[in-house]
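Chain X is already provided as a structure; the job is to place chain P on it using the hints.
Number of protein chains: 2
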Amino acid sequence: MPTINDIADKLGISKGTVSKALNGADDVSETLRKKVLETAVEIGYKRNRARRDTANRLCVLVENINHEDPGDFGYDIVMGFKKMAVPAGWETDIVSITEEQQKEISYDAFMLSREYKGAFIIGMSLLSPWMKELQSARTPAVLYDNYIRENPRVSYIGIDNSEAYMMAIEYLSKLGHTQIGYLGGDMDSFVSRKRHDAFLEAMDAHELRVDPDRIGCSYFISECTHKYLPRLLDSHVTAIVCGTDLLAQSVIASCMDLGYRVPKDVSIIGFDDAPFAAYTNPSLTTIRQNQEALGRCGFYALHSLIGGTCIGTLLLRAELITRDSTGPVRRRKSAPLRKLPVQG
Amino acid sequence: MPTINDIADKLGISKGTVSKALNGADDVSETLRKKVLETAVEIGYKRNRARRDTANRLCVLVENINHEDPGDFGYDIVMGFKKMAVPAGWETDIVSITEEQQKEISYDAFMLSREYKGAFIIGMSLLSPWMKELQSARTPAVLYDNYIRENPRVSYIGIDNSEAYMMAIEYLSKLGHTQIGYLGGDMDSFVSRKRHDAFLEAMDAHELRVDPDRIGCSYFISECTHKYLPRLLDSHVTAIVCGTDLLAQSVIASCMDLGYRVPKDVSIIGFDDAPFAAYTNPSLTTIRQNQEALGRCGFYALHSLIGGTCIGTLLLRAELITRDSTGPVRRRKSAPLRKLPVQG
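Taken in order, these protein sequences are the chains called X and P.
This note's numbering numbers the first residue of the first sequence as 1 and each following residue consecutively.
This note's numbering numbers the first residue of the second sequence as 1 and each following residue consecutively.
Okay, chain X solo, but in the shape it has when bound:
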């Protein structure tokens, strides 16, 4: 087992300096401290956790997700995690982490410097600097809606997107819809990619044709509503599946602006069952993610990883919540709100 001496030898500095660097003393420069931490990680140094107050520390690392107020998407996820972790004796910090911070220090070095035994990571995109490092990270990490191949120290938890869209397409199909479009987030997000693929898979399972004109993916909601939505409507879709409720809400508003009635002319389905989903006009049919359950499972997966049980994937069941933004298909017509002969 590597010791402080090994770090000192490798860097040609004294044991005392290494110790000070590891403990964040003021008289060690940030550059040296970083070098010590990276070396510690490199040689596999582990702290002696005898000190009671640092024996059981975890963190929830948050990037790009609001979580501070009830109603924020991440709030219940963090709560669910803490509700499991704290009674089980784990001190849990919630740490916001920026892209810049990720560039400054490696994930393992960060965790070592703060004496965290594991992290529950929410909100990272595929482009976040630590995503690459997590491929070979040694400190247990559970990722919400992100997947790392083959590293037994990392778990993926989320909702079963395949099942979710299977339910959505089956439901739309029973309402008579066959011309179904999809609007979602961009391909730099693991979960947006998953949902896009799950939509195609579900359409295929229901033997429904997917016209490429009927799919639009972008990081920007405005691009979905201004650029892709008109194209979908022009191609006579009768239903649109959206990758998030936020997007679905904007799509409803834009449909109405363009003279289409929801759900009479076009049915809309969201994803998440965000707090506002019941209060859009019309109220939003959507797929529920149980955020608190996600948080609870996040803790379990992390606890299992720390104990040596390598959970790779943990998926919660999806639940379809039907409200007023979806309805039976109307017979196809060429433009909305104008009287035209009904076509077979």
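One copy or two, it doesn't matter: identical chains are merged, so the pair holds either way.
Below 30 Å or equal to it, Euclidean Cα-Cα: the simulated DSSO-like pairs (lysine-lysine) are:
(1) Lys46 to Lys83
(2) Lys34 to Lys10
(3) Lys132 to Lys174
(4) Lys46 to Lys103
Hints are computed from structural coordinates only; laboratory data are not their basis.
As the structure is a computational prediction, the values presented were derived from the model and not from experiment.
The following block gives chain P in isolation, referenced to the frame of chain X:
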């Protein structure tokens, strides 16, 4: 909440008779007892669990899997489950269940009659009578290597087969193999189907062609070794991925009988890392399933279901264990053990 009275009313019998039937009294016929139980399940009757000794009962239902002795495939799975359940205060019965028993009584009625709050089910095939009932079962059930769509009372736990074969094909690919065959179980088993599909997926991801002649699936090992194996060898495969270690072991023996050297002429990979895998000749390269971890996760998923957290899927990481049954590809030649000009 339905009571004993509702059952009595529905069947036109006395409350006392219902109570006796539910408690398994000797003076109630098996036919009537069954009718009472099925009615209880139908109307959603739940027992009042005030009695301490029946408050926390779970069962492990076993079909088609040996589990009684160390070395049996199911032994560590059951152990892992019990090691979590018993300290957490759950009385746990291990119950072998036959197809006949499943035909006699429904799953929910069985669970109600025995006062089990949930079941961890190992070894069922897609054709087992209860598999159909589990689609709408109300009593929590965690299935090892079986998946039920959309029922939030049922979880699937297993190993990540996709990742497993991705690792296996990547490994073979690095050894220079491109002509790879697959032998596995029949399509009446969920996990055999999954592995078959995962093999195709992994080959596709590595841009390797899959010749239909190089795939053989059967419930019977002898059919794999006698019917399919010669066909694979005739089609010049240099490596064979097998769905289980048991099958791989027979395939090694049959290859040798046919004059092929393992791994010189053909590399063989198994699945499971069964206790004997290290002692075959040559020792078997395989994919490890950590059975005890599967059992532990089975308990967690069941505990979560009972608490209302609907885990749909929980997959453990696969681990590739390389031993002596795999090696670098030899240049293709048309028959083994005969000197022929090497073909480019």
